[in-house]
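*Asks:* Note that the protein sequences, when read in sequence, are chains A and B. Our numbering numbers the first residue of the first sequence as 6 and each following residue consecutively. Our numbering numbers the first residue of the second sequence as 3 and each following residue consecutively.
Keep in mind that the hints were calculated from the coordinates and are not lab data. Every residue, glycine too, gets a C-beta built ideally from N, C-alpha and C. A portion of the hints provided could be inaccurate.
The calculated lysine-lysine pairs, modelled on DSS-like cross-linking and capped at a C-alpha distance of 27 Å, are [stated by the list, open to error]: (1) B:Lys74 to A:Lys247; (2) B:Lys74 to A:Lys37; (3) A:Lys149 to A:Lys126; (4) A:Lys179 to B:Lys29; (5) A:Lys149 to B:Lys74.
Here are some chain A residues the structure puts well away from chain B; computed CB gaps all over 12 Å [stated by the list, open to error]: (6) Ser33; (7) Asp63; (8) Lys118; (9) Glu216; (10) Asp228; (11) Val250.
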Amino acid sequence: MIRAVLSTMALVVIGLPGAAVAQDVQRSDAAKDLQRLRDECNEAMREFMNQYQAAENDEQRSTLLQESYPVPKFGARFLEFAKKHPRTAEALTALHRAMQSALDEESQDEIIKIIVRDYLKSEALGEIVPAWTYDPSKADLLHKIIEVTPYHSVKGIATYTLAKSAMRIADSDKDAQAEAVAQFEEIALKYGDVSFRNRTLKEVAEADVFEATRLQIGMEAPDIEGTDVDDIAFKLFDYRGKVVVLDFWGDW
Amino acid sequence: MYPHERSLVARLADKPFALIGVNSDPKDRVKSAMDRENITWRSFWDGGSTNGPIAAAWNVSGWPTIYVLDHKGVIRFKGVRGEAMDKAVDQLLAEIEGGER
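Starting from the given sequences, assemble the full structure and let the hints guide the process.
*Replies:* Dropping the structure here:
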């Protein structure tokens, strides 16, 4: 008690600038620690990929995957980091990394508990909630975030994440599909300005509406007009009269 | 995936069938892939990234994404790979040969 009073007094004497500096130092320590951990993780991943590519057969590859795959180990360390630096922005970044690291269920639960405890009103949640798309166990949490977040962007992204799951669950149920389409339309109207994965929620939600209303089995496919790799223009409709496999692909 | 699609295209060379790609790679990369893998079918080039305009319009978020269209341009199958793709295409070709449904 006395010590608490003393340290409060000390702060008053030193004044706010001093306190701010002290906090900055602490914050940059966390940032540096996190950067070091990320570098170490990336380096381990590079080394693993080299070994994996050098492996001669499936047996060696599967042994490597079982024994040396670095991601879960680093996931545990990111979680540890987050616990060591509670309520910092860096901890939330670390929790995001830990979430993507194939950790056991217990650790996943722990991550969610920390998020609920410390970050329900964080703006950076907008980066994290899309990872819960198609995860029905996160629906309640998403509703909670929508209820309490002060941020328009987080509310929009959480609402969009729920709508994506609703569309997946709707599958071929026409009523449920119509409801999901209505949700996407509302998102495009209310949260259209929010940035989302290099695009806006208006763009992505409208694309979801387009897929649901124009790209379903039994519907006539819309045309594609474009150019091939030699810059020669052609259209999907040029292939009328033929059976067409349309293959969105990449060489990776 | 290349070997399967190569053999499908070869097997159906004299049928009313086309495999059409929409490619999301940078141009040099898709060209070298086409050379290396002996890819003979045509692809729309989607601007060099997965954020290209065609993939965006078609709401594609995973690769590969497959649609199978019948000779009237109607979407009949989605997401079929390997043997399921062969079966889908064979069924739609049989529909043409059997006359209009």
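*Asks:* Please go over all the hints and tell whether each is borne out by the structure.
*Replies:* Results of checking the hints against the structure:
| no. | hint | in the structure |
| --- | --- | --- |
| 1 | B:Lys74 to A:Lys247 | 8 Å, holds |
| 2 | B:Lys74 to A:Lys37 | 60 Å, violated |
| 3 | A:Lys149 to A:Lys126 | 10 Å, holds |
| 4 | A:Lys179 to B:Lys29 | 40 Å, violated |
| 5 | A:Lys149 to B:Lys74 | 47 Å, violated |
| 6 | Ser33 | 34 Å, holds |
| 7 | Asp63 | 17 Å, holds |
| 8 | Lys118 | 29 Å, holds |
| 9 | Glu216 | 4 Å, violated |
| 10 | Asp228 | 9 Å, violated |
| 11 | Val250 | 5 Å, violated |
When held up to the earlier numbered hints, the structure conflicts with 2, 4, 5, 9, 10 and 11 and fits the remainder.
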